[in-house]
Each structure stands twice: as structure tokens, then as C-alpha cells.
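> Each chain sits in its own coordinate frame; assemble them with the hints.
One letter stands for each residue in the lines below.
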Amino acid sequence: MNKTGGKNMDPVRQIWILVILGIVCIGLEVGVHFFLHTAIGYTHIFYILLILAAVWYYKKALWVAFALVAATFITSLVVGDFNWATLLRAVMFLLVTYIVAWISEERDRGRLEILAQKEAIEKEHYALVGYLSEITLRIKQPIKILRDNILAIRMEFDGKIPDIEMVKMELSTQLAHAEQILQNFQELNKEMVDEHSEIPNAYKEFLTR
Amino acid sequence: MPIDFSRLGEDKLFLVLSTAEMLKRNNTQIIHTLTGKGYRVVVITTNQPSAVLKKNYINENIDLSKVTFIDAITKYALGKIPPGQEDCRFINSPSNLTDLGIAITEVLHNYGGEKTCLLFDSVSTMLIYIPSTNISKFIHFITSKLRLVDAAGIFLAVEKGLDPLLLTQLTTYVDGTIDMDIPSAGSPGVPVQ
Chain A
1 MNKTGGKNMD PVRQIWILVI LGIVCIGLEV GVHFFLHTAI GYTHIFYILL ILAAVWYYKK
61 ALWVAFALVA ATFITSLVVG DFNWATLLRA VMFLLVTYIV AWISEERDRG RLEILAQKEA
121 IEKEHYALVG YLSEITLRIK QPIKILRDNI LAIRMEFDGK IPDIEMVKME LSTQLAHAEQ
181 ILQNFQELNK EMVDEHSEIP NAYKEFLTR
Chain X
1001 MPIDFSRLGE DKLFLVLSTA EMLKRNNTQI IHTLTGKGYR VVVITTNQPS AVLKKNYINE
1061 NIDLSKVTFI DAITKYALGK IPPGQEDCRF INSPSNLTDL GIAITEVLHN YGGEKTCLLF
1121 DSVSTMLIYI PSTNISKFIH FITSKLRLVD AAGIFLAVEK GLDPLLLTQL TTYVDGTIDM
1181 DIPSAGSPGV PVQ
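Chains as they are written, first to last, in the numbering used here: chain A, 1 to 209; chain X, 1001 to 1193.
With the rest of the complex left out, here is chain X (with noise of 0.2 Å):
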């Protein structure tokens, strides 16, 4: 099912919030969507390797020439990077956000003419990682890199896997949330501020 993201054009920046169970699956679904409505989608993952991630995109027809990844967990999980994956960025580990954002700056710059769109997978993973103020300023970082290039962005987390204090700033970078396990009339996912 479509994700209801009718108000991207205004508003680009949104915290999702999903089960831990649906993680996975509304990943796709976000992909999903955002590919049919044209954006080019820059993944980053913490949570499952892009390989695995390609795998699924493939299985629900997403095209993948319209997405790229930024891989902060393959390096750090399996040591190496697997064959077939040139056409990712891969990070050395989830913690080394300078590395990150430096790959973030470069991929957005990279789609400056597109109608880009960044997918951040997850907040809550990178709990494990690094600690949550820091995970604040990185976000603050990425939603004012993506204000200055006018592109979107989407920041999936667990609900209730955050802290108040977290929730609540990273409500203030952005410019909407939804909670993707509220159902409402015609999409599983709904405005909810």
C-alpha cells in the first residue's frame, strides 16, 4: 500500500515512526513510494545491509537505478564488502558519523539537479551506537544540509524506542511526523503533526 506523503511538496522533512516489526517492511513501502512519485532516493543504513535491502527492493519491482545507498553497517558487520556493491558508499561503522556526513554532503551535492530525497534507516539503530545527544546534533546536521539544498528527507525510528527529550527535538528539525501504524481512510500512515 502508498505511503501518504501528500504533503512532501510543502513540507520536506518528516520523522516516521514505525513498529520494530514493520521496520523492514515500511522501508519498502517509503521506497515504494517515493520512487513512483520521481524522487532519486539516497538510503542510509544502520539497520540492514544494502545488499539485503537491494534484495527486497527488487522483490517489490522498485527501481533501483533511482536509488542510492550510503551503507554505515555492511563494513562494520561483515568486515568486507560483498561483490556486486560498487554502486554504494559504504561507512565503517555507524559511530563514524564524520564520515557519514561527508558522504551525505558529497551524494547530495552529487543529485543537486534531481528531486532527491533522503531516506535515514534508523534513528533507532543508531541508539546502539552512538548516544542520543549526539544522534540529535547529527540529525540537526543532516535536516539543515537538506533545507540548504532543498531536498527531502525522512527519518524512520521505533516508536516509543525513543527517549521525550529525543522525540521532542528531533520534532523541531523537522517539518512533520507520521505514525505509520495509525490507520486512517485510504493510507496506513497519516499526518499526525
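Bound conformation, chain A alone (with noise of 0.2 Å):
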């Protein structure tokens, strides 16, 4: 059956027309032909329930099409008017049949790789777009608390001397925070040169250097 997504027809309506249609086009072969003892023109019919069933069921639909030629072969041997155009009849219906189930299945699965496509762009993008809020988490407020411990010791200064192998442990770590931040950023780079292949290769050496 047709899985192209939320776009379709209500698939109960879909049988429920292919039905009614079936029922005509008895209905026809045996009112029309059967009784008028004509083979002319109501055939046309044929091909709305046959192309409605192939778009919908794709190959499927040539049961309905064998259907249909079962029936138009018994109602001609009984009428007595079997000839070539039954047969060159017989033969448009199955093949109209396979074309647009083709064509429809063709379609569909197209359809449905852009659509495959398009959700595994959108994934990478949602991974990205979190990646780049949790770098900035670590990247962003660090630098601020880093910022922040850095005039903390500054003001260590004011109006008297610190003692000095204090202040040098407190900058040291200041000096490793900073450096996980930079390998941070680094990370950060590396993982958008990856991403990017547009970028040229003189940047992204420079970038994840």
C-alpha cells in the first residue's frame, strides 16, 4: 500500500471507492455488454477504478486488472463476440495498470527518500545546534568565572601585600582553567571544520591548529 505519509487518503475510503467503482464497472460489462450486446465505450470506465487502484496499491492493482479481463472475456464468450479487440482490451488494461503502478511506485519511493534525507539533515542539525549550546555553556560562563577569580586575586593587592605563594597557586589555577577552556575551544573547532567541508583547507588548518 501507499506509505507516502500524512498527505493520503483515508485508506477505508480508498477501498470503499475502488468498491463502488468495481461495482460499476460489473455492472457495466454485465448491463452494457451482456445485455445491449455492445463492447464499445464503457470500457473507458475501466481505467478510473484501474488507475485509482495502481496510484493507490501500486502492482497490487493488477488483481483488479486480471479481475476486469476475466470479466470482460466471459461476458464476450457468452455474447459470442470474442475477437482481437477483446484481447488488445485485455492487454491495454494490465498494461495501463503496470504503468501507473510503476509510476506511482517510483514516485512514492522518491518521496519518501527526500523525505529520509531531509529528517537526517535535520537531525545533524539538532545535534550540532545542542553541541554548540553546550560548548558555549563551557566556554561562555568559565571565561566569566575565570574573569571573575582573576579580580578576586587583583584585588588581593589593594591596600596590602598578599602573600605571594598564595596569589601564585591561585594563578596557576587560573592558568589551567584558562587552558581547558582554549583545548574547549579547540574541540569546538575541530568539530566545526568536520562538519564543513566547504570550509578550505589552509582555515581549517588554522582553525583546529
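These are calculated hints, taken from the structure and not from any lab test.
Glycine included, every Cβ here is placed at the ideal spot set by N, Cα and C.
There could be a bad hint or two in this list.
DEER-style ranges, computed between Cβ atoms [what the hints assert, rightly or not]:
#, chain 1, residue 1, chain 2, residue 2, range
1, X, Thr1028, A, Ile143, 34 to 44 Å
2, X, Gly1079, A, Val129, 21 to 31 Å
3, A, Lys123, X, Asp1163, 13 to 23 Å
Straight-line alpha carbon distances no greater than 20 Å define the calculated SDA-like cross-link-like pairs of lysine to any residue that follow [to be verified]:
#, chain 1, residue 1, chain 2, residue 2
4, A, Lys168, X, Asp1063
5, X, Lys1160, A, Leu137
6, X, Lys1037, X, Thr1133
7, X, Lys1024, A, Asp158
8, A, Lys144, A, Leu171
9, X, Lys1080, A, Leu175
10, A, Lys60, A, Ser104
11, A, Lys123, A, Asp194
12, X, Lys1024, X, Ile1062
13, X, Lys1137, A, Ile121
14, A, Lys140, X, Thr1133
Next comes the structure, spelled out in C-alpha cells:
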């Protein structure tokens, strides 16, 4: 069955339409061909049923085509007008159904592929956005903390001579924080470079250096 | 000024939010309040070396015999342990959560008989070293551990320094959130949740 997603008609309604059209076609076959002894004109109505069945159910619609071919053959044999035109009509039923089914199947497969690609691109995009948020969180706030810690160290010098050993220790700690922030930033650059293949190699090297 | 931890009896775990500028001062104030209430405080520090914190505590007349340190930054930043720090537990790096977890478990076990409170300084600094998902898992581990041994816990973080998802997760692990920079009658910090 057609699986192209949300834009399809309700399957129950599809079945009802096909059943009603099937009854109409059989009614025409019996009424017009069997009773009025004419095999011209009404069979065009059959194509509505066959095309709709092929669009909605792809190659399964060939079973409907076979059923109509069988009905045509039976009435032609009973009426006694079985000839090359009957065979041609039967072949056309099957051929049209097959072509429409094939085109519909290919079209919907293509649509599904596009949807899958779109989904994959969106997934990658969301992952990148999430990664960027995380890195922002791990760079922006730490830099603020670093700034405030350095400010606090600076304030230790106000009006007094601080313990130099302590200050050295505090500065070394802030240096370690800064180095880690830099490392996080380099990781971000690397991710960006890996993500965007269009960035020229020279810039890639510069960003990941 | 004392910090309002009036609910510390009933509620055990708090997320304490502070501005970055006040983080160091608020740390000292919290220790002052807790030791004043008779708590043994276990300080996990990732922001300042324990030697620096000790000096600050001494300046604020805090009884250091009631304070135990798990220091995850000194060894990483200085590459060695400064003399006179034998009473502290040192972790190689703030990102070494396994060793940090073991140290916390052991220290909490050692002070099982005492009224203990763990002070984590700070969640925001941990963001420099580990991803937020790992921080969330680790804080969950610590809070579970604290609940098991019926100990209190205070997690210091810089306000506006945590993304909404991480903040929501941390809030669910603790009993209350205290914003230390919202003034209220009689105390600089009030429980906001």
C-alpha cells in the first residue's frame, strides 16, 4: 500500500471508492455488454478504477485488472463477440495498470527518500545546535568565572601585600582553567571543521591548530 | 552575615546559586554558617586550591578542625601538593569523576557518626572540565549517596551559568534551591523552591 505519509486519503475511504467503482464496472460489463450486446465505450470507465487502484496500491492493482479482464472474457465468450479487440482491450487494461503502478511506486519511493534525507539533515542540525549550546555553556560561563577569579586575585593587592605563594597558587589554578577552556574551544573548532566540508584546507588547519 | 539554612533540618540537599563575583565570599559564608550549626563540612573544591580556601577560612575565624577537603584542582593546576596539606584528599583532575566519587564515599563513611554536610564548589567550574550530561549524572550519584547516609549537601553554582536543561535536572535532585543574591529580611539568601 501507498506509504507516503500524512497526505494520503483515508485507506477505508480508498477501499470504498474502489469497491463502488468495481461494482459500477461489473454492472456496466453485465448490463451493457451482456444485455445490450455492445463492447464499445463503457470500458473507458474501467480505467478510472484501474488507475486509482494502481496509484493507491501499486502493482497489487494488477489483480483488479485481471478480474476485469476475466469479466470481459467471460461476457465476450457468452455473448459470442470474442475477437482481437477483446484481447487488445485486456492487454491495455494490464499495461495501463502496470505503468501507472510503476510510476506511482517510483514517485513515492523518491518522496520517501527525500523525506529520509531531510530527516537526517535535521537530525544532524539539531545535534550540531546541541553541541554548540554545550560548548557555549562550557566556554562563556567559565570565562566569566575566570575573569572574576582574576579580579578577586587583583583585589588582594588593594591596600596590603598579599601572600605571594597563595597568589602564585591562585594564578596557577586560573591558568589551568584557561588552558582547559582553550582546549574546549579547539574541540569546538574541530567539530565545526569536520561538519563543514566547504571550509578551505588552510582555514581548517588554522582553526584546529 | 549568616546564610539562611533554616530548613537544613528537614531538607537535606540544596542547590545554591550565586553570582560569579560572590562565589568565593559565599563559599566562606556557607562554611561559617554550617560549622556554626555544628556540622562537619566536607568541601569538594574544583575552583580554588584547598590551601587558598583554608587561608580564607582562617581569616574568617572558621574552626578548620570541622572542615575536610577533597581537592580536585591543586594537583591538576600545580602538578604537586603544597606542603602542610596532608589532611586533604587530592584528586588528579576535576574530570576524574571515578576518583572523586571514591573519595566522597570514603570521606562520608569516615564521618558516618557525625552531622555531616558536603559543600560542592562549584558545579559551574566543573563545566570547564566535563560535559553537562556527565555533571548531571555525577551530581545525581552524589545526591543519592548523601541521601543513603542521611548527610546534607550544598551544591554551589553560578546563577545564569547553567543552561535551563541542566538547571532543571539539578533542581530535581535537590530538596531546594537558594538564590544567595536575592535579599530578604534578616538574611541574604532565601529558599526559593
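> Each hint: holds or not?
Outcome of the hint check:
no.	hint	result
1	Thr1028/X to Ile143/A: 34 to 44 Å	violated (24 Å)
2	Gly1079/X to Val129/A: 21 to 31 Å	violated (38 Å)
3	Lys123/A to Asp1163/X: 13 to 23 Å	holds (21 Å)
4	Lys168/A to Asp1063/X	violated (25 Å)
5	Lys1160/X to Leu137/A	holds (10 Å)
6	Lys1037/X to Thr1133/X	violated (34 Å)
7	Lys1024/X to Asp158/A	holds (17 Å)
8	Lys144/A to Leu171/A	holds (15 Å)
9	Lys1080/X to Leu175/A	holds (15 Å)
10	Lys60/A to Ser104/A	holds (12 Å)
11	Lys123/A to Asp194/A	holds (16 Å)
12	Lys1024/X to Ile1062/X	holds (15 Å)
13	Lys1137/X to Ile121/A	violated (29 Å)
14	Lys140/A to Thr1133/X	holds (17 Å)
The structure fails to meet hints 1, 2, 4, 6, 13 from the earlier list, while all remaining hints are met.
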